[in-house]
Amino acid sequence: MDIPLITDEHVEILLSDLLEQYGYDFTGYSKASLKRRISRLYSLDKAVSFAEFRYKILDDQAYFKRFVEQITVNVTEMFRDPSFFRTLREDVLPKLGTYPFIRIWLAGCSTGEEAYSISIILKELNLLSKSLIYATDLNPAVLEKAAQSMFAMSQMKQYSENYISSGGTNDFSSYYTASYSLAKFNDELKQKIIFSTHNLVSDHSFNEFQLILCRNVLIYFDRDLQHNVLDLFDSSLEDLGYLALGTKETVEFSRISPKYKRLPGEKIWRKIG
Amino acid sequence: MEEDWLMKKCKAFIIGGSAGSLDVLLKVLPNVDVNISFPIIIVVHRKHGADSLLPVLLSTRTKLIVKEVDEKEKIVAGTVYIAPSDYHLLIEQDETFSLDYSEKINYSRPAIDVTYQTAAEVYKTKLACLLLSGSNSDGVNGLKSVKAWGGMALIQDPDSAQVAYMPEQAKLNVKIDHVLPIEAMAEFINLLS
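Residue numbers (my numbering), protein chains in the order written: chain A, 1 to 273; chain B, 1 to 193.
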């Protein structure tokens with residue numbers, strides 16, 4: 001892949017196809033990453049020509065699904081950035097625990113690792129029974145995987161270390177049952193998770209939440225789209241609710257920033273009205 | 001010195017490195033001209049969580065502004081940018097940075113290949129990329145792209161590298177423009193300005 005087979009013009013053509021044919025709008029995505037992923041898929045699937053590749057995406061529903069799954073980044077892990085989850089455990093969730101009911105929106109949940117992480121913390125804080133986690137993603141395929149609550153056994157050592165550094169004190173392996181190469185997480189953990197499709201680009205606010213998490217999703221969007229999505233979060237967040245973003249993402253420079261106060265040391269903002 | 005020995009009007013200089021590259025950076029940066037006419041972008045493999053130490057460390061050695069990249073940041077000449085740990089660093093056509101948390105490449109995130117490849121398509125013949133000491137082959141495919149788009153491929157002299165594997169792999173697989181000993185690097189960078 002010295003000179004990529006996919007050009008900037010090809011990317012533009014595919015993006016307008018996706019919008020016209022399927023209503024998926026990727027035009028506000030950062031181009032360099034998108035182009036890399038499209039080129040990667042083009043090589044991986046040994047496409048004969050761009051014309052054939054394009055036709056297949058337009059004509060073959062199953063291939064279109066694969067295309068969307070492959071061009072979006074679905075890499076995630078449990079308790080990624082342990083200090084972030086420690087702040088949730090020790091500061092944010094105990095405060096929300098004084099409410100009669102806790103509604104959480106995990107936007108861009110991918111295969112669900114963060115949803116189960118939050119569920120574990122809520123259970124340990126005895127808050128799970130009065131909580132509801134809406135875990136959404138634009139991609140139905142990753143949601144199906146998320147709902148199975150099965151993750152690779154090979155990841156468990158890392159996740160267990162993350163869990164402990166985030167302040168977890170239980171035996172992490174008590175949360176799953178090992179079955180060959182997979183760890184199946186206890187059903188109790190997903191009882192309060194609703195997995196559902198939601199496209200941050202085109203779908204509207206669907207509820208009011210006390211906590212919205214959207215980590216490492218905004219990095220794939222251009223500035224305009226980032227601002228629109230932050231508006232969407234603002235309109236979906238109650239006063240005194242919390243908004244959590246990824247390590248390199250920020251509310252600063254956006255229209256909503258005057259209303260938000262950052263918690264020291266973490267990418268978590270509180271809506272102060 | 002031959003006329004076409006150096007590129008005219010370099011627009012970006014990217015340094016990639018892994019094991020054994022920090023010492024090189026610490027030796028080279030103090031001697032890079034403060035009035036340099038292009039940005040220097042540094043992508044080194046490091047452990048996730050060791051954040052923000054590297055920019056602090058490097059900024060003690062130079063008068064140039066040294067900063068960790070913020071996503072969507074405009075790339076400005078005369079600044080030394082450090083790729084954040086645990087993200088791939090990409091260059092957009094409008095000469096801004098973007099970040100990506102996709103799969104590791106060559107067991108690495110950031111992967112040098114990703115930055116070299118995306119930069120090659122943006123800066124084309126006005127790009128110079130230097131690959132330093134390291135123990136895997138990250139950066140080699142990136143240098144191929146740099147050459148394919150007409151840019152300049154540079155490596156640390158493997159004899160001077162703490163771990164020679166990375167520059168050696170580049171030498172074996174890519175038509176390298178210049179092999180630089182550590183002592184010559186800063187002057188070379190200054191001459192491109």
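Don't read these hints as lab results, they were simulated from the structure.
Treat the numbers as computed from the prediction; the structure is a model and nothing was measured.
Even glycine gets a Cβ: it sits at the ideal position worked out from N, Cα and C.
Treat each hint with caution, since some may be false.
[Claimed, not checked] Some chain A residues near chain B, calculated using beta-carbon distances under 10 Å:
{"no.": "1", "residue": "L5"}
{"no.": "2", "residue": "Y24"}
{"no.": "3", "residue": "A32"}
{"no.": "4", "residue": "R36"}
{"no.": "5", "residue": "K184"}
{"no.": "6", "residue": "D187"}
{"no.": "7", "residue": "G246"}
{"no.": "8", "residue": "K248"}
Status of each hint after checking the structure:
1. For A:L5, the suggested interface contact is broken, since its CB lies about 12 Å from the closest CB of chain B, more than 10 Å.
2. Hint status for A:Y24: violated, given a least beta-carbon distance of 19 Å to chain B, over 10 Å.
3. Interface hint at A:A32: satisfied, since its Cβ lies 4 Å from the closest Cβ of chain B, which is below the 10 Å cut-off.
4. Nearest Cβ of chain B to the Cβ of A:R36: about 7 Å, under the 10 Å cut. The hint holds.
5. Hint status for A:K184: violated, given a least beta-carbon distance of 24 Å to chain B, over 10 Å.
6. Here the hint on A:D187 is broken, as its CB sits about 29 Å from the closest CB of chain B, past 10 Å.
7. Interface restraint check for A:G246: the shortest CB-CB distance to chain B comes to about 8 Å, inside 10 Å, so the restraint holds.
8. About 5 Å separates the beta-carbon of A:K248 from the nearest beta-carbon of chain B, less than 10 Å, and the hint is met.
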